[in-house]
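Asker: Residue numbers (this note's numbering), protein chains in the order written: chain D, 1 to 370; chain G, 1 to 438.
Only true hints are included.
Result set (EDC-like, lysine to aspartate or glutamate): computed pairs, CA atoms no more than 20 angstroms apart in a straight line:
no., chain 1, residue 1, chain 2, residue 2
1, G, K388, G, D377
2, G, K244, D, E244
3, G, K416, G, D400
4, D, K87, G, E278
5, D, K87, G, E280
6, G, K244, D, D254
7, G, K263, G, E90
Derived from the structure by calculation, the hints contain no laboratory data.
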Amino acid sequence: MTRDNSSTSKTANTLSFIADRFPLEKMNLEHMLAHKEVPVHKMSWGYYTGGMTMFFFMIQIITGLFLLFYYQPTVSDANLSVEYITKYVSVGGLIRNMHAWSASGMILFAVVHLITAFAMKSFEKPRELTWIMGVLLLIITFTFGFTGYLLPWNQIAVNATKVGLQSVEDIGQYLPGMLHEVPRILRETFQGEASVGQSTLGRFYALHVVLLPLALAGLLGIHLLQVQVHGMSQGVDEKPKKQERFFPVFLFKDLTLWGFLFFILFTLSLCIPFESFLPFPLLAPYDAMGATPPGIKPEWYFFFVYYPLELLPFWVILLASGLIGAVLILTPWIFKGSSRKTLTFIATAVSLYLLIMTLFGEQIYHLLKH
Amino acid sequence: MPALDNFFLIALPYLAVVICLVGSYYRIKTRPMTYSALSSQFLESKGLMWGSLPWHIGIITIIAAHFIAFLVPGLWQALLSNQTVLLFVEAAGLGLSLLCLFGLAALLLRRFTSEKVQSVTSQMDLVVLLVLLLQVALGAHIAVSLSWGALWSVGTTVPYLWSLLSFTPDLSMVQDLPLAVKAHIVLAWVLILLVPFSRLIHMFAVPLEYIGRPWQNVVWVSDRRKEAAPQAFVEGEARRYFVKGGLAAVFGLSLLSVGVFDKIFRFFFGPRLTAHQETELMTTRLSRLEATSSQRKLELERQENDYILVGSLAELNSERGKYFIDYTMMPALAFKTAEGLPLLISAKCTHLGCTVGADAVDGKILCPCHISYFSIDTGMPNADSPAKTPLPHLGWVLMDTRGNQLVSYSGKGAVKGTLSEAQRASARVYIAKAHQIG
Chain D
1 MTRDNSSTSK TANTLSFIAD RFPLEKMNLE HMLAHKEVPV HKMSWGYYTG GMTMFFFMIQ
61 IITGLFLLFY YQPTVSDANL SVEYITKYVS VGGLIRNMHA WSASGMILFA VVHLITAFAM
121 KSFEKPRELT WIMGVLLLII TFTFGFTGYL LPWNQIAVNA TKVGLQSVED IGQYLPGMLH
181 EVPRILRETF QGEASVGQST LGRFYALHVV LLPLALAGLL GIHLLQVQVH GMSQGVDEKP
241 KKQERFFPVF LFKDLTLWGF LFFILFTLSL CIPFESFLPF PLLAPYDAMG ATPPGIKPEW
301 YFFFVYYPLE LLPFWVILLA SGLIGAVLIL TPWIFKGSSR KTLTFIATAV SLYLLIMTLF
361 GEQIYHLLKH
Chain G
1 MPALDNFFLI ALPYLAVVIC LVGSYYRIKT RPMTYSALSS QFLESKGLMW GSLPWHIGII
61 TIIAAHFIAF LVPGLWQALL SNQTVLLFVE AAGLGLSLLC LFGLAALLLR RFTSEKVQSV
121 TSQMDLVVLL VLLLQVALGA HIAVSLSWGA LWSVGTTVPY LWSLLSFTPD LSMVQDLPLA
181 VKAHIVLAWV LILLVPFSRL IHMFAVPLEY IGRPWQNVVW VSDRRKEAAP QAFVEGEARR
241 YFVKGGLAAV FGLSLLSVGV FDKIFRFFFG PRLTAHQETE LMTTRLSRLE ATSSQRKLEL
301 ERQENDYILV GSLAELNSER GKYFIDYTMM PALAFKTAEG LPLLISAKCT HLGCTVGADA
361 VDGKILCPCH ISYFSIDTGM PNADSPAKTP LPHLGWVLMD TRGNQLVSYS GKGAVKGTLS
421 EAQRASARVY IAKAHQIG
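Bound-form chain G, shown alone:
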């Protein structure tokens, strides 16, 4: 039906805008007293609050979003290319339209039920209310059934509007849209047409200066009301705090919802790792488990055996100690003395129990926690070290490969036995349970 399309989508828009502009100008000039919302707040205020507030909050935001999409489609599209933003905008749009519907329903109910308000209600008021209801319902319907409208409108209705604005009407982008969308567009033009003939004209009389001007407080001067004035003042202040705080909270929460909620959801959902990451993680986990299990094995070994191998005598030296775990599961170090015998010393710092380093510089090892130097020969700490007691020497046993004891030292007293040069090469150092207990 190209003729119908031409009428509703090209002729009607131009007609509506011209009538709206000329009519409004005429009405404001000739009948300035009617250039307002004709508020009935004094007649009935409770129902008005439940209707008017949700309606205006919702509709102003929605219309602003429509305008942004129309004015800066490029920016709008770039913003919405982020999936989270798109989801947020769509959800917010639907939510706001439901808010509008709620407000309109409350307003309609008020028009129908309040006796006082009915007395000032004109036919046009009811028409406007019903058209608005239909228009918002259509919008909500489109948001649900033809989702992502915030995005597809950029390629359809926005070029159509720009073509109208540049006086080169082009219907190619909109003529195949579903009927609901077309109806939504047509009703929008109808509403613009109705502006000069209804209270809709109040949209040109928005008291924008209220936002910037300092707030005013009504203080009664009659004696009867004077006492209540300071209280009213305090309550007014508290209420302003509440409103400001509430606005900040709403703003903060909406920011949060864009940036954080989906991430928090994914926190609980858990990460989805790539196969490579999974393997890497499993490898680390396994190696940590193995380290723990080897620790447990060491413990078991110490419980079951009378002798524990520290290493071969040949691998020990006097500069760098070899760590091993003694019978109490504490770290210890194995060095070799100048005589070529083992020197086993506890590596648990006598200050606060850190593990002492393995490198002996000038015959001294260092506890890095609080800088204590210990002589490996005597175990004594330096005079200025925080550690005051010496590191104890541990007993040891030298055995040949067949398990025959060659030399032993109990940790105190003298070394028992002697070592021949031939035995030296193959001798192994053990710690003995007997020494530990003694």
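Excised from the complex, chain D in its bound form:
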């Protein structure tokens, strides 16, 4: 056999891999809408988590476009323009509050979606790409949170961003040779100047309102196309006895759920300002000359990595996150042979960790530190 032969078979393999993931004969409305069925079993609720994440994303787009009318991305005006929206613009406070609450909702449900999809083994062939797109979507969602946090340009925003960017740079000291400088260059690229300032704000703004939404929409398109083409994964070990039609039965249940979510979101945003969880000095406009007020911390959805970062040596966290990232991307191949029981066990352990760190991270930190 010659090398030619093996390379042609490799090409053929790649082609058939792609053909299996994007079967053209299934890409029609008939197959993706009319004939699609959703299994009914005790884990069926897992099928709704993705839709809920998307619902919050749509809210983000709409409220974000509203905020775009008044927000001004300059260090002198950013904070004042946000205050102007909250104080003077009709329903401005509500819209901004919805944007904040819905951001949290989107991240919460994205994580729940990931965990349930993992437990239901929804990454099995031919759904590997769906899974990887999902992981990328989650990373983009977190980046949304990180970039959006800076935009109000208050004390906590700028200082938390400083901490975040500095953590990126600190990775460098653990990387060998050529890679040593990469995190510093990355940080300088995102920061744009010596300290977090106008250039940083401009860059974060561009990322938050243009680049990330485009990237997310594109990836989401592929993600959804894959879901509709391959149908819902089975989700349980035994073949489910009952199926329900995706259109209109499941879709209407989905919409009903979104209706409830909207009601909850609306009420929450109307009654509880998202900022009410922070003391005022942290919300004061950023002062480049003054001291940093105490209590700087990231949003709650970063607690799971933030508090361990405070407690453990940096390299441990770095190693762990590197490992977790790799495992997440390679999940479809690593857990190919695992039973759903094992997966559910892992998923439960991870959820427990996330819950405890998010809810009690601060207490654990104080307990161990003092």
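Model the placement of chain G on the given structure of chain D, informed by the hints.
Answerer: Relative to the frame of chain D, chain G by itself:
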């Protein structure tokens, strides 16, 4: 024409109501089979759906609104005193009357064109249809040309109706109303009069129990139809979902339209501030711009000058540092040592870059972000601090008022030069570009 008014607005109403009640009772008792809508749905159903549904949805809502205004005028008026609600009610009323007109037109067309339906159509059916058409058209006309009827009717037609009900007829509130309104009232009495003589009588036979009873599904038992039964069942379920969801959406949207749309419109319209608010806002905006511009000036100053003034030596002390910005535009603190010399230390925490606090307690300053204490003498952090590397000391130069260098320190090594007591009072502390680069 008081005589005509008296006849149409007092005699006719009593006559109509009496005939309606007595006639309907008589017809229901003696000819119960005709006590219905005499529906022709089996003869023709498509046209009926396009006519009957819009007509009944529209007219029932409109009549209900008329009744509420008549029964609880106080509450009605209180509700409508909110401009948004009034706008909504007026717009909804007009919209519904157009819906009714559409439905009536469809019904009329059906009566005129469908052969099957024509065979069961009586003269009275056509009369009723035409009177209804005229009545609704009049209502729509009033809604457009004499707007806010929902509100002015409370002071005109409502007292008139109550006067009739209490057998003390009083026309003073209605006799000067425009002809269209009077015609609308008269036609209403005519329609009531027609009830016992037409299919209008079906309004007494509304199957209200349908709302509460559990739904029923027709399942065929013959073999031929059996297979299709489960499918019909599923489709029925889906349709019910659709109807429920649709109703919820319509209800939600109408709630939204009352509470939200005008606010959203005003969101884009922009706030209209008072002069005071405007001034306040402008002042804040200007002060923020000035802060930014002073920051930029600092940057420029550091690019152009070899020495930057930190402050006079006399104002420094060992308890509370003075913030200044060093050559890299990072915050730093200036203290005074026990020997009376300046002590300049970076205020950028070596952990994650927060700005360290200015108060030195026992010779230590605190980074509030993650609780790192730094000794100002050595720069070293406490052993249990997250920060591991010391805050660097900065070099400085002491000059007298004429700009002569007295003492200098490069950040490392020894202090060069000495300071006399006389010079101490007027000495000023500078940072030097040379030290920063070195």
